[in-house]
Amino acid sequence: MTALRGRARLFGDDVNTDSIISSTRKRESLDPAVLRQFLFEHVDPTFAASVQPGDILVAGKNFGCGSAMEVAVTTVLGAGIPAVMARSFSRTYYRNAINNGLLPLVCETDGIREGDILISDGTGAIRNERSGETLIPEPLPPIMLAILRAGGLVPYMRQNGDFKL
Amino acid sequence: MAGRTISEKILARKSGQDAHAGDLVVCEVDCALGTDGSVPMALDYFKAMGGENVRDAARLVFALDHYVPPTSPQTIALHRVMRDFAKRFSVTLHEAGEGIGHQLIVETGRALPGGLVVGADSHAVTYGALNCFATGIGSSDLAAVMLCGRIWLRVPDSIRVVLTGQLPGGVYAKDIALALAGMLGADGAAYQALEFAGPGVATLTLEDRLVLSNLAVEMGAKTGIFPADAETVAYLQDRTGQAFEPVAADPDAHYSQTVEIALDALTPRIALPHLVDQVVALEDAAGTPVQMVYLGTCTGGRLRDFHQALAVLEAGGGVAPGVQLVVTPASREVRDAMTADGTLDALVGFGATVVEPGCGSCCGTCGVIPGDGVSVISTANRNFKGRMGNAKASIYLASPAACAAAATRGAVTDPREVSR
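These protein sequences, in sequence, are chains A and B.
First residue of the first sequence? That's 256 in the numbering used here, and the numbers climb one at a time after it.
First residue of the second sequence? That's 851 in the numbering used here, and the numbers climb one at a time after it.
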């Protein structure tokens, strides 16, 4: 798994995809480089401008619920965010994340504060620099790991042409 | 050896594997839907995957439903890209104005008992009403289905939802679905299937069942599946010539949990802003002022919904001053039926704004948008902040009759009071 080092950016429970990126925005463009300026615009209008590459989204339960629109993943990636940690994900967001190479990490997130530096050496465990706490995310099913290791569903399908269990 | 749920049996059939909850399987997809909200990205992924030809165009359906009518050069371009691709590869494409993709999948008999249908839109779960394993996917998964005709799935655990008795007057399928969302919560069925069962199922029409399956995803469910019965077969009779093989759960199938809903005891429900599981008894929200009433969507935009709404509007003497009533039939078939039986004229007579069949105002991508500070009561499935295109509006969700009752008074009103 990818090595990570970034600031925690906190969100609550039941973050829906429309609040990640408003579906009215994707009428005008599907380009993550354009959409990233509207990331979480109705949750925190200052968020998009404050994102630094490497920032990690940290949320409660049911992250990415609602619409299955994939711009809710590509826009996050477009902003330079490599991973989302949450207590649980909606299944469509989880799949879309894997398919695009955004790392969805399922673990307890209660102890993480805004701005905490989260570090992973790529073996899976994530260490909170401030608290010293180490979090072990739930393992991914083998096929998701294979897709993620290939770099997403596009390279996976280029290599395999089909799904292989 | 425990018996199997409907989902386990369908996914075993479609994968050729002995599928049990928790297993990963690769399944043949009977039909895949993409919309103007998802196909443009899917085509980019398809191309990037090296896609030169679609595996089986006969199993693909495109629907232009999110941008109806298209109102910008960008959305016009999205439609054009889809039309060009559909023409080149002989993919069935439903034009803008034909209706919501989910309704069209159901109306054209493409979701069949025992089948597997995916849709690149979360409300693809709707077809579970027809005893079909139906689930929502993103654009990249749709691209892979276009390429290889298959999808990988984790066989879900199932929650058994037992319905008993019969709905009393003034209480509808939407109230059952909202009650269930209130019980389970917005993620209470995450990664799982809802499997409807019990003697109450037979009292529900196919249109009622579509409402329950449609809202399954609002509880995080992968699908919301019904058993097939005479009602299912009757609905499909003139809609497909294809043979199908319904699937029933084994009596000793294993469920992660069983919840029971006594339909007799149910009262009207309402979901408060801004979450679908903020469900209360409608009477507890009675009197809340509303300025916009929305009748439509893949949840509440079918003929029966408009009949129920119209009956309440007539009983209540029409739309109260200051209330905007917006009507969006789910499909042209629905609208034609509303025209034929006078429903549409009657709604227009009450001052309704009628929008072309499609997703309409539901997700704010087209149709009428609520103004700042406006409270909307809607027959839709989602009330997230900003959902209808304005984050300064508030959305309440209720049955078509309850929405109509609110229209007659300009405030949340128990439909049973108006029909009396």
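Worth flagging that the hints you see were computed from the coordinates, not collected in a lab.
Note that CB positions come from ideal geometry on N, CA and C, so glycine has one too.
One or more of the hints may lead you astray.
Within a straight-line C-alpha distance of at most 20 Å, the following computed SDA-like cross-link-like pairs (lysine to any residue) qualify [unchecked claim]:
#1 B:K859 - B:T1108
#2 B:K1242 - B:A1261
#3 B:K859 - B:D873
#4 B:K1235 - A:P410
#5 A:K419 - A:E388
#6 B:K1242 - A:D299
#7 B:K897 - A:P410
#8 A:K316 - B:K1242
#9 B:K1235 - A:D268
#10 A:K419 - B:R863
#11 B:K1235 - A:Q292
#12 B:K1242 - A:F302
Far from chain B, some chain A residues (derived; all Cβ distances over 10 Å) [stated by the list, open to error]:
#13 L259
#14 P308
#15 N317
#16 A323
#17 E325
#18 V328
#19 R350
#20 C362
#21 D365
#22 G377
#23 G379
#24 S386
#25 R413
#26 G416
Chain B versus A:G379 - minimum CB to CB distance exceeding 10 Å, so not interface: With a cut-off of 10 Å, A:G379 remains clear of chain B, as the shortest Cβ separation is near 20 Å.
Claimed clearance of chain B by A:G377, with the beta carbon kept past 10 Å: Per Cβ check, A:G377 is outside 10 Å of chain B; nearest 24 Å; holds.
Distance rule for A:A323, whose beta carbon must clear each one in chain B by more than 10 Å: violated, 4 Å
Straight-line alpha-carbon gap B:K897 to A:P410, limit 20 Å: The hint holds at about 12 Å.
Straight-line alpha-carbon gap B:K1242 to A:F302, limit 20 Å: Distance ~19 Å between B:K1242 and A:F302 Cα, so the pair holds.
Check on A:C362 being off the interface with chain B, judged by Cβ distance over 10 Å: Fine: 16 Å to the nearest Cβ keeps A:C362 off the interface.
Given as non-interface: A:D365, which should sit over 10 Å from chain B by C-beta: holds, 16 Å
Chain B versus A:S386 - minimum CB to CB distance exceeding 10 Å, so not interface: Check passes; 26 Å lies beyond 10 Å.
Restraint check for B:K1242 with B:A1261, where alpha carbons must lie at most 20 Å apart: Holds - the C-alpha atoms of B:A1261 and B:K1242 are around 19 Å apart, at most 20 Å.
B:K1235 paired with A:D268 [C-alpha distance capped at 20 Å]: holds, 14 Å
Holds or violated: B:K1235 to A:P410, with C-alpha atoms at most 20 Å apart: Roughly 36 Å separates the two Cα atoms, so the pair is violated.
No chain B beta carbon within 10 Å of A:E325's: violated, 4 Å
The earlier numbered hints that this structure contradicts are 4, 5, 8, 15, 16, 17, 18, 19, 25, 26.
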